[in-house]
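So for the sequence shown, the numbering used here puts the first residue at 1; every next one is plus one.
Derived from the structure by calculation, the hints contain no laboratory data.
Idealized CB from N, CA, C, for every residue including glycine.
Keep in mind that a hint or two might mislead.
[To be verified] What follows is a list of derived Cβ distance ranges for each label pair:
| hint | residue 1 | residue 2 | range |
| --- | --- | --- | --- |
| 1 | Y166 | G191 | 46 to 54 Å |
| 2 | V256 | S20 | 37 to 45 Å |
| 3 | I287 | E258 | 27 to 35 Å |
| 4 | V256 | E71 | 32 to 40 Å |
| 5 | E255 | Y22 | 40 to 48 Å |
| 6 | D173 | K254 | 27 to 35 Å |
| 7 | A70 | G190 | 35 to 43 Å |
| 8 | L99 | K254 | 25 to 33 Å |
| 9 | S131 | S20 | 22 to 30 Å |
| 10 | G217 | G191 | 35 to 43 Å |
| 11 | S20 | K159 | 13 to 21 Å |
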Amino acid sequence: MADMDSSRTPIDTMDSEHFSPYRADGKLYGFVCVVTGATQPVGKAIVTELAAHGAACIYACSSLPDEPYAELAESVNAQYPNTKVIGYPYKITSEEDTLALIDDVLNSWGRLDVWTSSTGLLGPPSINSTSPRDLYNAFESNSMPAFFALKYAPAAMQKTTPKGSYPNAAPKDIPYGSIIIVTSVAGTYGGCWGPAFTMSSHAALGVMRSGVAVLKGTGVRINAITAGQIDVGVDLKGAGLEGGQFPPASLQNKEVQERVIGLERAGRPEEVGRVAGFLASGFSSYITGAELRVDGGASVMNPLTVPL
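Please take these sequences and the hints and turn them into a complete structure.
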């Protein structure tokens, strides 16, 4: 950890009018953002939420070049034409590709404000079907992108810049930034899917928890969203189920959901997106190192205790 300097003035983002969440033009007005996993349901919801609140640019990232980036950009721009959505395929588990993305962001926009790591790999559902390679792949997919965000994004987020000449532009007069790790409640307890998913989700939360000390003095915050049952339109009959970000909501039928979830239903991607928007903005300016559970209350309902 860096040595404490009693003469250093702590960075207070509340001193900047450009960070105020009460701006009439949007709580994220002028922000430049990166969202990984952006073509998946939760990632799409996050991109839309950031655009809804005035972000100037959102890099919509995924690992595959044939993802529907143009379709996502067209959909978002139809509602929020002043937010530029850039489809950016890159290998999210690659250190070199991550650095290249950050260089692109700074060269093009001069600033970086929000990094949302919304990645995930379910992996096999049982220990017997889990190989060492499966476990390695799960750790690489579920925690490595968050690690790279923590290691490399803060230096870019500390860059200040005058107002640009693009739509929704705003100056950045003091260093600030928000790193948001979207993972699963499997990071806090077991049994959500398979062992590899649980272990690697715990590692993703470990990145967040270690990041608070790493980021001292930078003005950058780091938080996590742990999602429960989110209906992302996948069922048990879907091909490539092990490659999904969350276990399918259909694992629990309606009756089970009503019994074990406080709100008696699965969540929706946009309900995760709204929490990401909160953590990206000045509304959460004194929140770092937090795990916000978006699970409808399920984690505090289980196991259900039934009086005899």
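- prompt: Between L99 and K254, does the C-beta distance stay in 25 to 33 Å?
  reply: With Cβ atoms ~46 Å apart, the hint is violated.
field: Outcome for the supplied range 35 to 43 Å, where the beta carbon pair is G217 and G191
entry: holds, 39 Å
- request: Given the hint of 32 to 40 Å, check if V256 and E71 actually sit that far apart at their C-beta atoms.
  value: holds, 34 Å
query: How does the Cβ-Cβ distance of S20 and K159 compare with 13 to 21 Å: does it lie in that range?
result: Since S20 and K159 have Cβ atoms about 20 Å apart, the given range 13 to 21 Å holds.
C-beta pair Y166, G191: status relative to the range 46 to 54 Å that was hinted: With Cβ atoms ~47 Å apart, the hint holds.
- prompt: Should the hint that E255 and Y22 are 40 to 48 Å apart at their CB atoms be regarded as holding?
  reply: The hint (40 to 48 Å, Cβ to Cβ) holds, given that E255 and Y22 are roughly 44 Å apart.
- request: Could you check the hint for me, namely that I287 and E258 are 27 to 35 Å apart, CB to CB?
  value: Holds, at about 31 Å.
query: Between A70 and G190, does the C-beta distance stay in 35 to 43 Å?
result: holds, 40 Å
- prompt: Is the distance from the Cβ of D173 to the Cβ of K254 consistent with 27 to 35 Å?
  reply: Taking Cβ atoms as reference, D173 and K254 lie about 51 Å apart, which means the hint is violated.
field: Pairwise beta carbon distance, V256 to S20, judged against the given window 37 to 45 Å
entry: With a Cβ separation near 44 Å, V256 and S20 satisfy 37 to 45 Å, so the hint holds.
- prompt: Per the hint of 22 to 30 Å, is the separation of the Cβ atoms of S131 and S20 within bounds?
  reply: Violated - the Cβ-Cβ distance for S131 and S20, about 51 Å, lies outside 22 to 30 Å.
Against the hints set out earlier in the document, violations occur for numbers 6, 8 and 9.
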